[in-house]
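Student: Given chain A, work out where chain B should sit, using these hints.
There are 2 protein chains.
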Amino acid sequence: MTTFGEMGEDALIALFAPRLPSTDAEILGPGDDAAVLSVDGDLVVSTDVLVENRHFRLEWSTGADVGWRAAMQNLADIDAMGAVPTALEVTLCAPSSTPVEFVLGLADGLREACEPHGVGVVGGDLSGASEIVVAVTAMGETHGTEPITRADALAGDVVAVAGALGGAKAGYEQLSRGERVDAEAVDLFLRPQPRIGAGLEAALHGATAMMDLSDGLARDAARLARASGLTIAVDSATVPVHPAAQRTAEALGEPDSALAWALSGGEDHHMLATFPRASVVPEGWHIIGSAVDGPGTLLVDGETPADPGWDHFS
Amino acid sequence: MTTFGEMGEDALIALFAPRLPSTDAEILGPGDDAAVLSVDGDLVVSTDVLVENRHFRLEWSTGADVGWRAAMQNLADIDAMGAVPTALEVTLCAPSSTPVEFVLGLADGLREACEPHGVGVVGGDLSGASEIVVAVTAMGETHGTEPITRADALAGDVVAVAGALGGAKAGYEQLSRGERVDAEAVDLFLRPQPRIGAGLEAALHGATAMMDLSDGLARDAARLARASGLTIAVDSATVPVHPAAQRTAEALGEPDSALAWALSGGEDHHMLATFPRASVVPEGWHIIGSAVDGPGTLLVDGETPADPGWDHFS
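Heads up: the protein sequence lines correspond to chains A and B, in order.
Residues in the first sequence are numbered from 1 upward in steps of one, following the UniProt record's numbering.
Residues in the second sequence are numbered from 1 upward in steps of one, following the UniProt record's numbering.
If we strip away everything but chain A, and leave its shape as in the complex, we get (with noise of 0.2 Å):
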């Protein structure tokens, strides 16, 4: 098994490279002091990080698993502001004794991801560390839309989820107690899976705030109803369980823990939206609540719901 150290960047670059995707929007790629591209509209960009033990671990996702997961968790952020993400950066930081397949995977991973929306990787830095990092830039544009924010949500908005909830935190679950009783919800949490454009088509049907749920819907929604300042009351009869959180609660003997990952679990990266009216929420959508006047918070059938949400491996 050959390794990062023994084999050297040049070595490393020149396979690595030709594994990437690349965009339409590319003008001149990598191997220049920087890349250009065209920007349509104006440019949307943000920034994850996913680091090592704490993010990620080996003994559980490969280098494909760990590239799919910075490349979709940073296209979902695009998403999320109603705009098409063309292009990322990728700085990856790993200590000389990783396996060379752990790199190759990794671009194979941010390819999958990336390949199915046109969007490429531009450039980026490669270094040497004592633990892998890997930080991604994602940069989109806005296509005669404004950028949806977290801030915009009115009184009076419903409430809705672009996908069903849960699965990243039933595979968690499942990996953290070492009992596997569902590949896909293992799978949900090795590679999310947003479906990337719902935002975009969200922000055509009129959506008035929106953002991803990386954090569980219970910290992300009282983050937009924060923003927004105004009171998010949510529904739990209403929120859409994913059927492999359910499957998986059951196999662990405990039907009534679906719902809970469904309300706190993290890094399921579906969109959240409020729209003006239920007639205008896209197909595919689930309306879960309302916005209402009120302090800023959230509250999940009248209350404030205990659990703060998801801490990563806290």
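Honestly, the hints are just simulated from the structure, not real lab data.
Beta carbons: idealized from backbone N, C-alpha and C, even for Gly.
Be careful, since some hints might not be right.
[Stated by the list, open to error] Covered by chain A, according to a simulated footprint, are these stretches of chain B (three or more residues, beta-carbon under 8 Å):
(1) 45-59
(2) 125-134
(3) 141-149
[To be verified] Incomplete in silico selection of chain B near chain A, CB under 8 Å:
(4) L28
(5) D33
(6) V39
(7) I78
(8) V122
(9) M211
[What the hints assert, rightly or not] Label pairs and their calculated CB-CB ranges:
(10) A:A155 with B:A14: 19 to 29 Å
(11) B:E115 with A:E179: 46 to 56 Å
(12) B:R195 with A:G178: 51 to 61 Å
(13) B:V280 with A:N53: 51 to 61 Å
(14) B:R57 with A:T238: 51 to 61 Å
(15) A:E59 with B:A237: 53 to 63 Å
(16) B:H143 with A:G144: 21 to 31 Å
(17) A:P295 with B:G5: 24 to 34 Å
(18) B:P95 with A:E59: 20 to 30 Å
(19) A:P116 with B:W60: 42 to 52 Å
(20) A:G178 with B:P116: 54 to 64 Å
(21) B:E283 with A:E59: 53 to 63 Å
Tutor: Frame of chain A; chain B shown alone:
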């Protein structure tokens, strides 16, 4: 001394964010899923990472020094395309034992480097880690000029640099030997001083190829020669040696080292460019040689230089 871990992420961000510079290009700043920027022309983007004990040492550098260097080496990459830098995304990973003072210093250094150029920090990410990692993605825009790559030098061009060389290496030599003989050189190592804007100026004067000198003239000029498919012939007598490098070399009793540092020392980040004729080289630039037909290599005084250039701490 309060640490990163004691303070917690939210409190730290509340202290950190107000110290960061902002930019007129900002439509939406930090705090949402993504930032939004206006882009005039095409987007130019580059990423550089600094890893503790590989690119900097805490016994040498303050947080402000690290922030300055992280910003400046990225601004130089944008300038090296003949583009105008506008914004940074900054990722900080740090152990929970990191003093808050370091983190706030980092923000100050970023601001000091960026503010004179109207560059803002528009977003980023923060995470725990077992060592400090600062990853910066810089964005800029072309202003009616084509991006200047490394690949378009032509035989017959003159080769020039935008500043005196060897200062950073002279500072590094002092620190690594534990003999502080010249404060200016040490400062040039801790806080590189490329003239941001020299790249745009070169582009407006018709530069054919350009890059910034991060790994030393010997190594970087060879890269430009290879990318352009011609030979670069440098006359060492014309290479501008920084006075602080000369003073350091003399104080250390090895006056000949000054030229060696100017030729092979890294991290000065001054621009290296080729121009179609001597008459168009902007004021303040130094002509050091010419591009000639040949096999894509560098010659110094007619010979291939032995020293392969800067290798950080290796």
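Student: For each hint, tell me whether it holds in the structure or not.
Tutor: Evaluated hints:
Chain A is given as covering the segment 45-59 of chain B, and this holds because 8 residues of the stretch bring a CB closer than 8 Å to a CB of that chain, at least three being needed. Given as covered by chain A, the segment 125-134 of chain B passes the check, having 7 residues with a CB less than 8 Å from a CB of that chain where 3 are the minimum. Given as covered by chain A, the segment 141-149 of chain B passes the check, having 3 residues with a CB less than 8 Å from a CB of that chain where 3 are the minimum. Satisfaction of the interface hint for L28 (chain B) is found here, the shortest Cβ-Cβ separation to chain A being roughly 6 Å, below the 8 Å cut-off.
Annotation: interface hint on D33 (chain B) holds; nearest CB of chain A at approximately 4 Å, less than 8 Å. This hint holds: V39 (chain B) has a C-beta 5 Å from the nearest C-beta of chain A, less than the 8 Å allowed. Because the closest C-beta pair between I78 (chain B) and chain A is about 6 Å apart, less than 8 Å, the hint holds. Residue-level restraint check for V122 (chain B) holds (minimum Cβ-Cβ distance to chain A is 7 Å; threshold 8 Å).
For M211 (chain B), the suggested interface contact is upheld, since its CB lies about 5 Å from the closest CB of chain A, less than 8 Å. For the pair A155 (chain A) and A14 (chain B), the supplied restraint of 19 to 29 Å holds, since their beta-carbon distance comes to about 28 Å. Distance hint check for E115 (chain B) and E179 (chain A): the Cβ-Cβ separation is about 54 Å, which falls inside the suggested range of 46 to 56 Å. As the Cβ distance of R195 (chain B) to G178 (chain A) is approximately 58 Å, the hint placing it in 51 to 61 Å holds.
In this structure, V280 (chain B) and N53 (chain A) meet the distance hint of 51 to 61 Å, their C-beta atoms being roughly 54 Å apart. Distance hint check: the CB atoms of R57 (chain B) and T238 (chain A) are about 55 Å apart, consistent with the given range 51 to 61 Å. The hinted range of 53 to 63 Å is satisfied by E59 (chain A) and A237 (chain B), whose Cβ atoms lie roughly 59 Å apart. As the Cβ distance of H143 (chain B) to G144 (chain A) is approximately 24 Å, the hint placing it in 21 to 31 Å holds.
Between P295 (chain A) and G5 (chain B) the Cβ separation comes to about 31 Å, which falls inside the hinted range of 24 to 34 Å. Evaluation of the 20 to 30 Å hint for P95 (chain B) and E59 (chain A) yields a pass: the beta carbon distance comes to about 22 Å. Hint check: P116 (chain A) to W60 (chain B), Cβ distance near 46 Å, so the stated range 42 to 52 Å holds. Between G178 (chain A) and P116 (chain B) the beta carbons are some 55 Å apart, a value that agrees with the proposed interval 54 to 64 Å.
For the pair E283 (chain B) and E59 (chain A), the supplied restraint of 53 to 63 Å holds, since their beta-carbon distance comes to about 60 Å.
Consistency note: the structure conflicts with none of the earlier hints.
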